[in-house]
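Take a look at the letters that make up each chain.
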Amino acid sequence: MTITAPFFGPLVSVHNLEVYFAVPHKGATVKAVDGVTFDVELGKTLGIIGESGSGKSTLGRALIGLVRPTGGSVLHEGEDPFELSRREFASHRRNYVTVFQDPSSALDPRMTIAQSVREPLDIVGQLSRPDRDARVVELLERVGLNPVHAQRYPHELSGGQKQRANIARALTLNPKLIVCDEVVAALDVSIQADILNLFADLQRAFNLTYVFISHDLGVVAHVSDYIGVMYLGKLVEFGPADRLMRAPLHPYTQALLSAEPCALPAKLRTKKRIILEGEVPSPLDPPSGCRFRTRCWLARDICATAEPLPRMVRPDQRVACHFADEAVLSPSPPGVTSFVVNTAL
Amino acid sequence: MTAMAPSAKTGTASKPLLAVDNLSIFFGRGAQETCVVSNLSFSIQPSEMIGIVGESGCGKSATALSLLRLLPSENSRISGHINFDGLDLAQLGEGDMQKIRGRRIAMIFQEPMSALDPVFTVGHQISETIRAHFGVGRREARERAIDALAAVGIAAPAQRYHEYSAQLSGGMRQRVLIAIALSCEPRLLIADEPTTALDVTVQSQIVDLLTDLASRRSMALVFITHDLGVVAEACSRVITMYAGQLVEDGNVDDVLTHPLHPYTSGLLCSLPRLSAPKTVLPAIPGRVPRTFDQTGCRFEDRCGFRLDKCSVAQPVLERDYRKARCCRVDELILPGAVR
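Sequence order for the protein chains is A and B. Going left to right, the first sequence walks through residues 1 to 345 as the working numbering numbers them. Going left to right, the second sequence walks through residues 1 to 339 as the working numbering numbers them.
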């Protein structure tokens, strides 16, 4: 452990982040992440929700320096990782790691679990061989795998066990931030509960910071302190998890929350569904002005011409919508009588 | 293999549309043969919507495929009876079965991309089904296909008719599959994880579409899913499967409020809930056994309510139109989705 000067700001500070991808032959640009600003506090969990193609995963990659922003900045403890020299960057990125969705493809099929978990230590090369092996055993134990599993190959383990191995490997070099991109999507509910408990446990033990990317609202609501909602590259709403879940401000957040099926008997399912028309438009040709306007029941002329900027409607809760105040007052599309987000779920 | 499992006694007294009786499914040949579904019995009333839930490997999809006899005959085998409209599908010849598939019982699959043929237009694939079952001409099949596309909420169906699956979005493809499935007005639709590959906002569109079409056409619906939320919203009855067996069968609201089997209760409790963030989720310890050859309760090793009497074979017990494969059904009061 090295001792550095203490930094009191947020662990990660994202300012006006833009990640654009050029599409070959079409002369078009996909604005996967477009002007996103937020902070991630040390020791907290930020949840990112949104539909496929909303830019969640690209944002996650940009947060740990896996993709270079085309505009804006991602600061790690006040430092821009892309300003570092190659050598500095290599050691810097140990603190910012990720766990991917598919536990099988994230592990090398020709390496045993122990080899996969030890690989980062081998590369860093600070510890002696016996110390590295001891560290692997310790890590695997920490995530609930025993030495027998260590000698197995990925195909010999179940999905949940493989995901545990992936988590152990992410922990190898004592990271500060772990970006968890759909880490439980491929798992059955009972295994999913186990893995979520493990994440919570590790966070307490190591004061880890998580960015939890998921399309499963239940999972995100369960683990997060803060939640950001993405739609077509834009962060449309950002705020404390409990408030955002209880009283969403952006029409898209409201629709997303109401679409989540809840496992409750009919008499307790008080919430009314907001059925959005159509699907997410192509990111190659997003709508002008507010990108959600084509599916929004509050949309008016201004939504097509002026892009809504994020603003604080309630303390700590930022929303990018011209009519967010109205959405709070009359939060339902025509035909829907009431809108109550079910907190019993 | 003891006494005949009770059948057709659930819910209403009318004649069931489908009655599965002692269905067992075996994979593999000779000494390698393993039983993936054992002695499954349940029935479906006309226009009833039921959900079949359980974790991966519990036999949900194998059951669905066996109802249409879609399992490969060279390395799988089924025993028992599948009574549908006076016919036993388990014994039916391949030619007669072909007349049932698509026409009387239709199925939609999880991955709409791989279920559609990329080299034919979607319209062609719908009219193909219509022509095969009704023997109508090209023109009439085309008209019916366009009607079918309109019925599943596809805008400009006459244009979409000429498009290929690659030109459509995921939700649109799933709508096309539903159009194909419903084009022959089946009495029963089996939907195997129809919304798993879709986003929540599209998922809610598809679930609403399916339940709406099913109730308007008085078609029965079997929803195979691991998502208890979808079952709660779409179905009136739910069957829980575990390790190839039926472990619980009952009215959705009853099961969600007071599950009778510890496994169903475990599934409901392990769902993250918005009202209790950052708490420890009660996960079910262990995992589904790899082989289902134990004599006693198959859930015994993972169950928190296990007693000595659990190590003998557990029959399905009936309680007020509900069923559970648990010998402690009368003693246990298990937590459900409501707390």
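No wet-lab data here; the hints were simulated from the structure. Hints are not guaranteed to be accurate.
[Claimed, not checked] In silico DMTMM-like cross-links for lysine to aspartate or glutamate, where the CA-CA straight-line distance does not exceed 20 Å:
1. A:Lys-272 - B:Glu-185
2. A:Lys-176 - A:Glu-326
3. B:Lys-278 - A:Glu-182
4. B:Lys-278 - A:Glu-326
5. A:Lys-267 - B:Asp-254
6. A:Lys-272 - A:Glu-326
7. B:Lys-99 - B:Asp-212
8. A:Lys-272 - B:Asp-208
[To be verified] Chain A is nowhere near these chain B residues, computed Cβ spacing over 12 Å in every case:
9. Pro-72
10. Gln-91
11. Leu-92
12. Gly-95
13. Pro-118
14. Val-207
15. Leu-268
16. Leu-274
17. Lys-278
18. Ile-284
[Claimed, not checked] Covered, in the sense of this in silico footprint (three residues per stretch, anywhere, with C-beta under 8 Å from a C-beta of chain A), are these stretches of chain B:
19. 22 to 32
20. 119 to 126
21. 219 to 230
Please read all numbers here as calculations on a predicted model, not as lab measurements. Backbone N, C-alpha and C define an ideal beta-carbon position, used for all residues, glycine too.
Okay, the hints, checked on the actual structure:
Straight-line distance between C-alpha atoms of A:Lys-272 and B:Glu-185 comes to about 30 Å, which puts the hinted pair past the 20 Å bound. Straight-line distance between C-alpha atoms of A:Lys-176 and A:Glu-326 comes to about 40 Å, which puts the hinted pair past the 20 Å bound. For the suggested pair B:Lys-278 and A:Glu-182, the alpha carbons sit about 18 Å apart, so the restraint of at most 20 Å is met. About 31 Å separates the Cα atoms of B:Lys-278 and A:Glu-326, which puts this hinted pair outside 20 Å; it is violated.
Only pairs whose Cα atoms come within 20 Å are accepted, and A:Lys-267 paired with B:Asp-254 is accepted, the gap being roughly 11 Å. Between A:Lys-272 and A:Glu-326 the CA atoms are separated by roughly 18 Å; this keeps the pair inside 20 Å, and the hint holds. Distance restraint check for B:Lys-99 and B:Asp-212: the Cα-Cα separation of roughly 26 Å exceeds the 20 Å cut-off, and the hinted pair is therefore not satisfied. Simply put, A:Lys-272 and B:Asp-208 have alpha-carbon atoms about 13 Å apart, close enough for the 20 Å limit, and the pair holds.
The Cβ of B:Pro-72 sits about 23 Å from the closest Cβ of chain A, beyond the 12 Å cut-off, so the non-interface label holds. With a cut of 12 Å on Cβ distances, B:Gln-91 stays outside the contact zone with chain A, its closest approach being about 35 Å. Listed as a non-interface residue, B:Leu-92 keeps its Cβ farther than 12 Å from every Cβ of chain A; the least gap is roughly 34 Å. Here B:Gly-95 stays apart from chain A, with its beta-carbon at least about 39 Å from theirs, past the 12 Å limit.
Distance check on B:Pro-118: its Cβ is at least 20 Å (rounded) from any Cβ of chain A, clearing the 12 Å threshold; non-interface status holds. Non-interface status of B:Val-207 relative to chain A is broken: a Cβ of that chain comes within 12 Å, the nearest being about 7 Å off. The Cβ of B:Leu-268 does not lie farther than 12 Å from every Cβ of chain A; its closest approach is about 6 Å, which violates its non-interface assignment. Non-interface status of B:Leu-274 relative to chain A is broken: a Cβ of that chain comes within 12 Å, the nearest being about 5 Å off.
Distance to chain A contradicts B:Lys-278 as a non-interface residue, since its nearest Cβ pair spans about 7 Å, not more than 12 Å. Not every Cβ of chain A is farther than 12 Å from the Cβ of B:Ile-284; the closest lies at roughly 4 Å, contradicting the non-interface assignment. Given as covered by chain A, the segment 22 to 32 of chain B fails the check, having 0 residues with a CB less than 8 Å from a CB of that chain where 3 are the minimum. Remark: the segment 119 to 126 of chain B is not confirmed as covered by chain A, as 0 of its residues place a Cβ nearer than 8 Å to a Cβ of that chain, below the required three.
Only residues whose beta carbon comes within less than 8 Å of a beta carbon in chain A count, and the segment 219 to 230 of chain B has 5; three or more means the coverage holds.
In summary, the structure is inconsistent with hints 1, 2, 4, 7, 14, 15, 16, 17, 18, 19, 20 from the numbered list given earlier, while agreeing with the others.
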